[in-house]
Structures are given as structure tokens and as C-alpha cells.
Amino acid sequence: MPKLLTTEQMAEFASSGCLFFEELIDEQTNKEFLDDIGHTSVENVESVQTYFDNIKSTSSIPRIPAGTPLKDSYPKNSPLEKILKNEVVDGAIKSLVGSNPLVDHQALHLTFPTKYFKGANQRQMSQQNHQDSTIDPRSTFDIQVFYFPTEVTKEMGGTRYHPGTHLRVVNEFGIAKYQNIKGQKSIVCKPGTVGIFHNGLWHGAGVNFSEEIRYMFKVRLQPTEKQELLWDPEKKYQPLPNRALYWSDEVKEVTINDILMRSYPWQEADTNRLDKINVVKFWRLLTGHKKMDVDYWLTRIENELY
Amino acid sequence: MAKRQKVLVLYLKFPSLEAEVISWATFDGTGKKLHMTGDSDEPPYPTGLDALLDGWRLFQSSQAIPEYPGQEFRTSYLKHEFFFEKLEEGDF
Chain W
1 MPKLLTTEQM AEFASSGCLF FEELIDEQTN KEFLDDIGHT SVENVESVQT YFDNIKSTSS
61 IPRIPAGTPL KDSYPKNSPL EKILKNEVVD GAIKSLVGSN PLVDHQALHL TFPTKYFKGA
121 NQRQMSQQNH QDSTIDPRST FDIQVFYFPT EVTKEMGGTR YHPGTHLRVV NEFGIAKYQN
181 IKGQKSIVCK PGTVGIFHNG LWHGAGVNFS EEIRYMFKVR LQPTEKQELL WDPEKKYQPL
241 PNRALYWSDE VKEVTINDIL MRSYPWQEAD TNRLDKINVV KFWRLLTGHK KMDVDYWLTR
301 IENELY
Chain D
1001 MAKRQKVLVL YLKFPSLEAE VISWATFDGT GKKLHMTGDS DEPPYPTGLD ALLDGWRLFQ
1061 SSQAIPEYPG QEFRTSYLKH EFFFEKLEEG DF
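For the protein sequence lines, the chains are W and D, in the order given. Residue numbers for the first sequence follow this note's numbering, beginning at 1 and rising by one. Residue numbers for the second sequence follow this note's numbering, beginning at 1001 and rising by one.
Among the hints, erroneous ones may be present.
[Stated by the list, open to error] With a straight-line cut-off of 30 Å between C-alpha atoms, the simulated DSSO-like cross-links for lysine-lysine are:
hint, chain 1, residue 1, chain 2, residue 2
1, W, K236, W, K94
2, W, K115, D, K1032
3, W, K118, D, K1032
4, W, K85, W, K185
5, W, K226, W, K190
6, W, K185, D, K1003
7, W, K185, W, K82
8, W, K118, W, K3
9, W, K185, D, K1006
10, D, K1079, W, K185
Treat the hints as calculated values from the structure; they're not laboratory data.
Based on the sequences and whatever the hints tell you, model everything.
Pasting the structure below:
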């Protein structure tokens, strides 16, 4: 049975654009995945290209034409089928992109240690910040499922990401000039960790200063149905009533609205308010409550009397 | 002696040099240090003004462009961009 996301997790996704499930996939499945791609110690790897070509020619990862239903994409009992059928991953996918998502594309990202760059006389650089694909002004969103089969240490330069950037509409590497962004995070995790990103989340691969190859498998999924209350089929969610603004009493309880209204250290003072407005608009789509609001951001400017 | 340019780009919280730095990039034309994406979690200066006080010369800043009608709530790139430089002399 898929474990659907909770309303708190959905609010977290709406606010930050990402969710993480630490050490979710069991050791045996991680091993099966690594065996399948021919993972070996770095001493046995001659060159980046040869290693990558070998994985492509020997692993069971299928070639999936873009637009293929996820349910028809991976062979039964293959490691990737097991990972994507894990009850938590399956539940998160169903909660975010519904019961019949399509595979947009998949990729196995490999980040090699310093010695390969020295050997090839190349400059070892991290990947610049970007938003995947192209300018995407839709209300509909895709998700990217990231799977980490091995431990990722800080030294290995795990995927860098910027929580709360997913609703900013930019043109792919048009954000590459932002070398560092306040509040940036890098994925440091145990084997078997799964992350799910909104397709708009700004990110980039870190530089690998360790002695080990870093792996990340990614699959992008596209919904075929409206993404409204998919995590809440009984439609129990009700928006919270308005609260007092500024002149208010201290409340210690963290509500869904507090998650939705979280600020991020990289946001400008002025545009931060637009970021909040866009999170409320996103939450309206996700919940189907077309007039709901948080802290009066939209009600105030929708009160047009002329 | 040759001259080389070092460029510092600061993105600020609001369009005034006294504002807090929220994003930054450094490009070192002297070749002494290779900066790259994700190489520091703390900004080199707390504000734009602190960069001036340390000798960086401002040579470009972003314009204030009114939001396009109908697109007032579209958010995109970081808005308050300031380019600074230092020139360094040496045998490069």
C-alpha cells in the first residue's frame, strides 16, 4: 500500500520545493542497484568515458521513450522497479503527480574524484546552478526523484540545492552567475536516501574531492491528472481561519500556514512577499480551495472594488 | 608589471549598498584563486557598503525596472545586482 504524504509534508513541498527520505531503500536493494551498474572500486576505473559506456551497455536500466507510463517503464523485480514501488516513494509520487505519471527522462549522474581530472589535464569545477529543462511558466509541475545508492559525504560534493526557489521562473543556466546563494544546501546522506524535487528547484552538482565516485540516479515524472488533493482522497483538508497580523499574541504551535509562509535567507526583502503570494497561489491549486489565503496576502490585493 | 582585474558580484536584499548580501560570486583574473559554484556558505562581506570600505570599486548596478503589466507577481532572477572590481598589479 502506498503511504500518501501528510498535509505537513505537502506544505513543506509547496514551501521549499523538496522532500527527503533518509536511508529509505534497504541495503540489499542498494547492493542490487550497484551490482547492476557494475559499481567497482576507483582503482579499477580507467577512464570516465569507458566506465560510463560500460554501465550503459551492461546494466538493466532500460531505454525509456519519453512519455512512457511509469508503470510500464522498469522490468519487474529490477532494482529501480523496487525503489520506485517502495511504499513511501510510491506514496509520494501518487501524492504529487497522481496514479499514472509518465516518464519524461532518466539519468545516472556520476561525479568523479580529482585524480581523473588531473589525469585528463582538465580543470575540476562544480556544476553551476541551474533549473532543469527550459522556461516553464505552467501551474502544473513535474517532479524529479533522486536516488542515492551509496553514502554521500560532504567531501563528495552532493547535489547543491536552494530551498524555496522552485516557483521562480528562470531560463535554465540563466542563474549560473550566482556562485553562492545564502541558505544553499548540499545533499549529505546515508545509502538508500531518496529526494524529491519540484522541477523548478534551483540546483547543481557539487565537486567531488573524495576518493570515491559519487552516484545519483534521477527520473523525471510528469502528471496526467490535475494535482489537486491527490494526497488527501477523502478531501479532509480545510484551510485555517485568518489570524491577527503584526499586533498579535505569541503562538508556539507550528501550523500548516507557518510552513507555507517560511522565509528563506536568499530572498530579497521586496520579492520575498511575492514569493509568499506565489506559495499561496500554489497551495490554492494543490488543495482546490480557490479563495483560501494565508496572512491576507492575496485577499488584500483581490479586494478590487472598481 | 601587468594589471589584472578581480570581479566581485554581490546580490543584495534591497537596492541600496547598505543592504545585506544574499548571493555572491568572485572571479579572480590574477589566477591566484579559482572560485567556483558552491565554494562558500558565508558571504565575503555582510553588506555592499562593507565591500566599498575594503577597496572594491563599484562599476555597475541593476536598474529599477517596473514590473510588466499583468506580470506583477512573476518572480524570477535575483534583482539587486552590484558589480565591483579591484585591479591588481604584478607579474602574471
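Hint by hint, here is what the structure shows:
no., hint, in the structure
1, W:K236 <-> W:K94, "holds (17 Å)"
2, W:K115 <-> D:K1032, "holds (21 Å)"
3, W:K118 <-> D:K1032, "holds (18 Å)"
4, W:K85 <-> W:K185, "holds (28 Å)"
5, W:K226 <-> W:K190, "violated (34 Å)"
6, W:K185 <-> D:K1003, "violated (36 Å)"
7, W:K185 <-> W:K82, "holds (28 Å)"
8, W:K118 <-> W:K3, "violated (46 Å)"
9, W:K185 <-> D:K1006, "holds (27 Å)"
10, D:K1079 <-> W:K185, "holds (21 Å)"
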